[in-house]
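Kindly generate the complete structure, drawing on both the sequences and the hints.
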Amino acid sequence: MMAFFHAQDDISKAIESVVFAHIIGSLPVEIRIQGKDYILKGTLKPERKVWKLGKTLDLTWGDRPIRPCDDKWTFIFELLESPESD
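Using numbering that gives the first Met the number 0, read the sequence shown as starting at 0 and increasing by one per residue.
Hints listed in this document are in silico derivations from the structure and should not be mistaken for laboratory results. There could be a bad hint or two in this list.
Cut-off 20 Å, straight-line C-alpha distance, at most; resulting in silico cross-link-like pairs (DMTMM-like, lysine to aspartate or glutamate) [as the list claims (entries may be wrong)]:
| hint | residue 1 | residue 2 |
| --- | --- | --- |
| 1 | Lys51 | Asp70 |
| 2 | Lys44 | Asp69 |
| 3 | Lys12 | Asp36 |
| 4 | Lys71 | Asp36 |
| 5 | Lys48 | Asp8 |
| 6 | Lys40 | Asp70 |
| 7 | Lys12 | Glu77 |
| 8 | Lys35 | Asp62 |
Restraint-style ranges between C-beta atoms, simulated for each label pair [as the list claims (entries may be wrong)]:
| hint | residue 1 | residue 2 | range |
| --- | --- | --- | --- |
| 9 | Thr55 | Asp9 | 27 to 37 Å |
| 10 | Lys71 | Asp36 | 21 to 31 Å |
| 11 | Ile14 | Leu79 | 13 to 23 Å |
In this text, all values refer to a predicted model and were calculated from it rather than measured experimentally. Each residue gets a CB set at the ideal place from its N, CA and C atoms; glycine is no exception.
Next up, the structure:
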């Protein structure tokens, strides 16, 4: 949990960049972003239910407004093994 806490700003920026790039262009359905001691895996889900309620909500990411879209990315945070753990 501490590793995520220390990397949360970088992870937030990475997720924002992926979503923005997806909106304006084309990305692979699976991506991997390697940080200092972690890997962030992103997957674009091909099928999902329409979230009608999302269009009516006033959502934010920190102090920035966000708007729901029809596509859904999921992200998994994985720690890399440190050399000290061997």
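key: Enumerated hints in conflict with the structure, sorted upward   = Of the numbered hints, 4, 5 and 8 do not hold.
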